[in-house]
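> Each chain is listed here by its residues.
Protein chains: 2
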Amino acid sequence: MTKTIRSLERGLQALKALHATPISSLHDIYEQTRIPKPTLLRILLTLEQSGLVSRRLADGRYRISSGLTRLGRKRDRYDRVAETAAPVLDRLCQKVSWPSDFMVPAGDHLEIRESSRTHSPFMIYVNKDRIGTPVNWLLSAVGRAYLAYCPESERKKVIALLRKSDRPENWLAKDPARLDAILSETKKRGYGLRDQTFAGGAYGTQSPDGLAGIAVPLLDRGRVHGVINIIWPKPARTVEEIVTQCLPSLQAAAAEIVNSLRKRPNMT
Amino acid sequence: MTKTIRSLERGLQALKALHATPISSLHDIYEQTRIPKPTLLRILLTLEQSGLVSRRLADGRYRISSGLTRLGRKRDRYDRVAETAAPVLDRLCQKVSWPSDFMVPAGDHLEIRESSRTHSPFMIYVNKDRIGTPVNWLLSAVGRAYLAYCPESERKKVIALLRKSDRPENWLAKDPARLDAILSETKKRGYGLRDQTFAGGAYGTQSPDGLAGIAVPLLDRGRVHGVINIIWPKPARTVEEIVTQCLPSLQAAAAEIVNSLRKRPNMT
DNA sequence: ACGGCCGTTTCACCACGTGGAACGCTGGAT
DNA sequence: ATCCAGCGTTCCACGTGGTGAAACGGCCGT
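Residue numbers (the UniProt record's numbering), protein chains in the order written: chain A, 1 to 268; chain B, 1 to 268.
Hints may contain errors.
One copy or two, either will do: identical chains are not told apart, so a pair holds if it fits within one copy or between any two.
[Claimed, not checked] Pairs of lysine to aspartate or glutamate, EDC-like flavour, derived with a Cα cap of 16 Å:
(1) Lys-3 <-> Glu-48
(2) Lys-16 <-> Glu-48
(3) Lys-174 <-> Asp-59
(4) Lys-37 <-> Glu-111
(5) Lys-187 <-> Asp-59
(6) Lys-156 <-> Asp-175
These are calculated hints, taken from the structure and not from any lab test.
All chains should be built: construct the whole structure from the sequences, respecting the hints.
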């Protein structure tokens, strides 16, 4: 009578826990499985090297590979993109030292879905900017890059939505002429920049983030899968310095992400 | 520096081999992975108990759970049904002792997709009737059960196709009146029976299989997912005996298969 | 009747999986 | 500024459980 392999059973158990909760901290998985954490760590490392699991750059949480969740769970299409972007943003961060975010539309704002901020040697981890943090459409570098390159129908929908808003950070939606000028300038320039009046975070906030950034879209045959940026403390560099030093790398990263998105719906 | 877990790695390796070749013998998997067979046996038993892999009744080959192949591989919709049917047919066979087949349409014939023939205590494994063996539409019990219950559009397509055929076993397609009578009688009766002139196997074969059978459809809201039957050596029992002894169990099995088909697109 | 192939069982060895303990970091509370 | 709680990670000694060569047995083709 053949017996089963315990270590394999437990590995699959961990995989199933991740299937039930597609993004989990080590502790989350521990709670579900009651497998001791050191053992879980080895299991997850093994799953990661087998390509079934990856880790989120921003907070180190474990993420089940998008190929395994097709059934049952409802995850939006951006999860695949975030997963694909993670290793590319990691390498980008190692190359240019400044960190990046990956951001996607979320109704009347964008939100952070992945980030290499915690991996940058220069920038302290800013507690406020976690996964899911909302970012303004019209004043941020990422929002402008997105709108400048996305299909017209999508742009119109976003602007129509923002026009209904009374918040001061959305006023620009009520000035189509100026907005169009800004977006066409962005497109000509090739990357998005913050509005000069915009200090980051909530509009008119008492704690501006003190950051500057440049942003490019993940452009795939007219479709935009999201935006990635490079950010730095405003006093440290001028935009011009970053553009010459980092923009090509940022654009290459965007191209690489889009490229591997096209191939990769396989189990490794 | 944490290390990975070898046994888990190998388990996943076997799983990937099955992903590449969704139905494989132990030897097939051995060829791909070069993991010793005794170890593979333990791995596959573990995967099976975790619900990721199941075994085909007919020949014991390993079959990756349909939930894991959604991406990449092209398998037809009947694979899921076969997988669901297997354990039910196994239990049915243990209960009534006579074996069953699960059959599905395949162009101008039906074919065997699953079978408990090897699990029956009474019937010798007949070498010719393997997975994939073609079965006649109009003379067999299974073909008649299928046509009697499937949607009219589907029935018409099949008959139109068979009318083009010159083979003697398809002649009935050219006699709509008689065929309609046979099918409506089948529907009234509730199960399919072989034509009296039909000896099994290829029409006019020198080696009739000497079997008799009754067949019922897997009927799901007007849709037919295939047919299951019970077969026995003709001399051993009369149709009437089998109908009273086994038909209710056969119908219950069909209902159970359809039922679990509806729920089950999950990872266990 | 025979031989080869494939699946399965056995068993003794010792790598390897295991988990308690201890460390370090971060964030929140006081 | 200080402390504490919670989480992730590393270390290491123990002994279990994974391992695979060898042997067995059943089926298939000849």
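> With reference to the structure, classify each hint as holding or not holding.
Results for each hint:
no., hint, in the structure
1, Lys-3 <-> Glu-48, "between (26 Å within a copy, 12 Å between copies)"
2, Lys-16 <-> Glu-48, "both (14 Å within a copy, 14 Å between copies)"
3, Lys-174 <-> Asp-59, "neither (37 Å within a copy, 70 Å between copies)"
4, Lys-37 <-> Glu-111, "neither (31 Å within a copy, 50 Å between copies)"
5, Lys-187 <-> Asp-59, "neither (32 Å within a copy, 62 Å between copies)"
6, Lys-156 <-> Asp-175, "within (13 Å within a copy, 63 Å between copies)"
Hint violations for this structure: numbers 3, 4 and 5, all remaining hints satisfied.
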